[in-house]
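Chemist: The chain contents come next:
Protein chains: 2
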Amino acid sequence: MRFESFIRDIPDFPKPGIIFKDITPLLMDAAAFDAALERMTKPYQTGSVDKIVAIESRGFIFGGAMARRLGCGLVLARKPGKLPADAIREEYTLEYGTNALEIHTDSIREDERVVIVDDLLATGGTALASIRLVERLKGNVVGLEFLIELDFLKGRERIRQYPVRSQLHY
Amino acid sequence: MRFESFIRDIPDFPKPGIIFKDITPLLMDAAAFDAALERMTKPYQTGSVDKIVAIESRGFIFGGAMARRLGCGLVLARKPGKLPADAIREEYTLEYGTNALEIHTDSIREDERVVIVDDLLATGGTALASIRLVERLKGNVVGLEFLIELDFLKGRERIRQYPVRSQLHY
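So the protein sequences, as listed, match chains A and B.
Counting from 11, one number per residue, gives the positions in the first sequence under my numbering.
Counting from 11, one number per residue, gives the positions in the second sequence under my numbering.
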């Protein structure tokens, strides 16, 4: 399965000069979406992962299905103010200003094995914030899975002490 | 499986007087999440659904996994400005003001059988907007699946000509 043919380039989105990688053609194709999930879960044995942490919002698309394939729980890493119960927060830097991710404090227990999932690895800001959230709850990040990695933004360098896998590189 | 025990009441969230139904304990529990997805896909045979339309953002959690169980494509109904390609929009009314959902124009073909998915049926505004989006693309809404329904908000009455199912009622 060559995933490249299911990713659509959208020039100047969300702003001029950016070429957005649109994953919706892949999601719409049952075989391509299935193959992507197969590849994203393949490194893990059923029972070897306790929690999938899915990053809002496109990470949710993959995270729910991956958690079911691996027979484990799903945890949401969300934008500030979205999680209703006690949560911890990690800020990360954007081109201008900062944003943050939150996770419920009861979502991960000590020594649980956690895989972090998102559609895209870009600068690594959200990935690093997610790792910190998991580790503050004493979870053990055993891997990070992305559909797409934008190699030129070098996000991988910021999280290089962790196993990082992406199905597509640009 | 009694799903009630996996739903947590959060008083005064997101604002005073609202009791928020927190689904994260259900998602964290592998067996409960699996059973919910089993029940939400049970009315449909593999091959009888062409597309799952998942409503941003908690609908994504269920939509991806349901599409894989049913062997069909996944389509995203998103907040305005999030979808990068040609899209159509439907507005819906909130307590104060309006919001809108968008869907890519190439996401559904004529006569495709579509199931719309979200975590919660409240007033029915987003459900109705999603139905209209699918029908503008000439898709055939064969069902709407929710984890939770807030019966007292009577959302079901606004979409009563469609098959609507919810796993939990409050």
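Just so you know, the hints here were simulated from the structure itself, not pulled from any lab data.
Fair warning: there could be bad hints in the mix.
Distance ranges between label pairs, derived from CB positions [claimed, not checked]:
| hint | chain 1 | residue 1 | chain 2 | residue 2 | range |
| --- | --- | --- | --- | --- | --- |
| 1 | B | Lys148 | A | Ile28 | 39 to 49 Å |
| 2 | B | Lys148 | A | Glu105 | 35 to 45 Å |
| 3 | A | Tyr172 | B | Pro53 | 35 to 45 Å |
| 4 | B | Glu167 | A | Asp121 | 25 to 35 Å |
| 5 | A | Glu105 | B | Glu167 | 29 to 39 Å |
Chain A is nowhere near these chain B residues, computed Cβ spacing over 10 Å in every case [what the hints assert, rightly or not]:
| hint | residue |
| --- | --- |
| 6 | Thr34 |
| 7 | Ser117 |
| 8 | Tyr180 |
All C-beta atoms in this analysis are idealised placements derived from N, C-alpha and C, irrespective of residue type, glycine included.
Chemist: In ascending order, which of the hints set out earlier in this document are inconsistent with the structure?
Modeler: The structure conflicts with hints 1, 4, 5, 6, 7, although it agrees with all the remaining ones.
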